[in-house]
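2 protein chains.
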Amino acid sequence: MDKRSPIKIRLTERDASTTITQWVYQTLRQAVMNGQILPGRALTIRGLAEILGVSPMPVREALRQLAAENALEIQGNRRVMVPRMTAMKFNELCEARIALESHAATRALPYIDATRLAQLRQLDQDIDVAFEAGDTEEIGSLNQAFHRKIYTANPHQITLPLIESIWLQLGPFMRLANSLLDENYLVDHHREMTAAIEKQDALALQMSLAADIRDGVAFAGTPELLHSFIEQSAASSTP
Amino acid sequence: MDKRSPIKIRLTERDASTTITQWVYQTLRQAVMNGQILPGRALTIRGLAEILGVSPMPVREALRQLAAENALEIQGNRRVMVPRMTAMKFNELCEARIALESHAATRALPYIDATRLAQLRQLDQDIDVAFEAGDTEEIGSLNQAFHRKIYTANPHQITLPLIESIWLQLGPFMRLANSLLDENYLVDHHREMTAAIEKQDALALQMSLAADIRDGVAFAGTPELLHSFIEQSAASSTP
DNA sequence: AAGCGAACTTTGTGATCACATTTGATCGAT
DNA sequence: ATCGATCAAATGTGATCACAAAGTTCGCTT
Numbered sequence: 056m057d058k059r060s061p062i063k064i065r066l067t068e069r070d071a072s073t074t075i076t077q078w079v080y081q082t083l084r085q086a087v088m089n090g091q092i093l094p095g096r097a098l099t100i101r102g103l104a105e106i107l108g109v110s111p112m113p114v115r116e117a118l119r120q121l122a123a124e125n126a127l128e129i130q131g132n133r134r135v136m137v138p139r140m141t142a143m144k145f146n147e148l149c150e151a152r153i154a155l156e157s158h159a160a161t162r163a164l165p166y167i168d169a170t171r172l173a174q175l176r177q178l179d180q181d182i183d184v185a186f187e188a189g190d191t192e193e194i195g196s197l198n199q200a201f202h203r204k205i206y207t208a209n210p211h212q213i214t215l216p217l218i219e220s221i222w223l224q225l226g227p228f229m230r231l232a233n234s235l236l237d238e239n240y241l242v243d244h245h246r247e248m249t250a251a252i253e254k255q256d257a258l259a260l261q262m263s264l265a266a267d268i269r270d271g272v273a274f275a276g277t278p279e280l281l282h283s284f285i286e287q288s289a290a291s292s293t294p
Numbered sequence: 056m057d058k059r060s061p062i063k064i065r066l067t068e069r070d071a072s073t074t075i076t077q078w079v080y081q082t083l084r085q086a087v088m089n090g091q092i093l094p095g096r097a098l099t100i101r102g103l104a105e106i107l108g109v110s111p112m113p114v115r116e117a118l119r120q121l122a123a124e125n126a127l128e129i130q131g132n133r134r135v136m137v138p139r140m141t142a143m144k145f146n147e148l149c150e151a152r153i154a155l156e157s158h159a160a161t162r163a164l165p166y167i168d169a170t171r172l173a174q175l176r177q178l179d180q181d182i183d184v185a186f187e188a189g190d191t192e193e194i195g196s197l198n199q200a201f202h203r204k205i206y207t208a209n210p211h212q213i214t215l216p217l218i219e220s221i222w223l224q225l226g227p228f229m230r231l232a233n234s235l236l237d238e239n240y241l242v243d244h245h246r247e248m249t250a251a252i253e254k255q256d257a258l259a260l261q262m263s264l265a266a267d268i269r270d271g272v273a274f275a276g277t278p279e280l281l282h283s284f285i286e287q288s289a290a291s292s293t294p
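Chains as they are written, first to last, in my numbering: chain H, 56 to 294; chain R, 56 to 294.
To be clear, the hints were calculated from the coordinates, so they are not data collected in a lab. Some clues are possibly wrong.
Unchecked claim - Simulated crosslink set (DSSO-like; lysine-lysine; CA at most 30 Å straight-line):
no.: 1; chain 1: H; residue 1: K144; chain 2: R; residue 2: K254
no.: 2; chain 1: H; residue 1: K204; chain 2: R; residue 2: K144
no.: 3; chain 1: R; residue 1: K204; chain 2: R; residue 2: K144
no.: 4; chain 1: R; residue 1: K204; chain 2: H; residue 2: K144
The structure presented is a predicted model; accordingly, all values stated were derived computationally and were not measured.
Go ahead and model the full structure; you've got the sequences and the hints to work with.
Okay, here's the thing in structure tokens:
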């Protein structure tokens with residue numbers, strides 16, 4: 056029944072108002088984002104359905120939706136798996152993140168009012184608290200919330216789904232980045248960003264945002280570390 | 056049975072090797088892209104299934120996939136429709152297109168060799184031929200192929216799915232833009248782009264690419280024209 | 001005649017079933 | 001002992017069925 060590791064997925068209580076498909080989708084999305092499903096691991100509809108305690112139908116739809124968001128990859132053998140990572144692909148994802156998020160931030164900047172700016176500063180403080188507590192998972196979650204809070208200021212939102220698609224693809228590796236962040240968390244780029252927002256300085260915002268993203272994945276600059284993790288990713292395929 | 060206009064969709068022969076879901080997905084995607092389905096028009100699973108001559112199941116999956124790509128919108132009433140357009144949203148989409156495609160082109164530039172450059176020039180000539188023939192649909196298709204041919208030179212492709220998502224959202228309106236292009240097709244930016252590629256000049260490529268995109272949607276600069284089309288889009292909702 | 005509620009219809013969701021293709025294993029031949 | 005073929009289990013795909021919620025229409029009451 057279980058090919059390799061039996062896939063442990065954190066199950067949450069399902070709200071009665073959400074459909075089963077939505078719940079499965081959110082659960083699997085979170086599992087991918089948190090690295091609970093190793094890249095290269097083959098996923099089966101029936102297998103996931105059994106784990107989640109639902110029929111294969113909602114799993115099928117959730118998988119197709121996640122594949123459409125590039126969170127999963129449908130192989131020619133119509134097997135579904137978390138895409139493997141390569142150093143080049145990782146680099147492309149980071150650069151795409153910077154390009155997309157810089158654009159989104161610039162476009163959102165005029166819409167950020169004092170209320171939202173205060174919320175941003177609060178989120179930054181929350182991150183500091185989580186950092187003191189060493190709760191890396193919370194740090195990642197709050198960090199996402201911080202960025203999302205900026206972009207959603209733009210009422211004509213187009214880019215956020217694209218950005219989240221990139222986050223999803225970087226997901227399992229961002230987790231590693233956050234755990235390594237403990238040591239290297241030197242400059243608080245979020246503070247620079249909020250300062251730039253207060254001055255409505257688009258260029259300064261772009262600069263600090265790019266620095267924040269690059270710091271978040273700083274370990275990509277140390278090739279051996281990235282390489283070891285990619286090997287770990289590739290290793291889950293070889294029996 | 057038919058609420059308003061009965062939805063005419065161009066049906067193509069289904070290859071025996073492709074699954075029904077894939078065929079339905081491609082058919083609906085093309086229908087959205089060509090503006091065969093008016094924005095605001097309510098779509099039903101069973102209705103589409105009957106039109107396409109398939110069971111509701113593959114339609115459900117195709118709709119969910121298209122919704123994940125932002126080609127369709129799932130309303131709270133769990134009704135599915137082509138999203139309506141607003142002037143601001145249109146502007147955001149164009150700017151996002153420029154940002155994303157500039158980035159993708161720059162990243163692909165080093166990988167474009169002589170062979171691919173020749174293919175690009177061939178596509179540009181084909182566009183001229185289609186332009187002489189007045190075949191606007193062919194122009195749009197070839198124009199997409201031209202852009203795609205640039206970005207796919209990058210072997211570590213990340214951005215193309217995001218770009219295609221934007222194209223899908225602009226889809227019905229690009230069709231209008233192409234039909235209006237007949238009159239205003241003054242400068243051949245594609246020739247500027249191939250020249251920039253030959254010189255491996257990233258900045259010149261970005262400039263001409265942005266100009267090409269802006270020209271393609273030049274009518275957005277004439278507010279009354281855009282407004283009239285948006286009204287047409289909104290009109291399909293009012294009974 | 002207009003407002004409102006009840007019955008019917010439509011629609012999305014999810015489960016089960018059937019079938020074709022693929023994967024994996026076991027047995028046999030060289 | 002190793003390689004290959006055949007058979008069985010597993011898997012994705014798609015159709016049909018069942019059910020609940022939302023929408024629509026008809027008829028009743030005022």
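Hint check against the structure, violated hint numbers in rising order: No numbers; nothing is violated.
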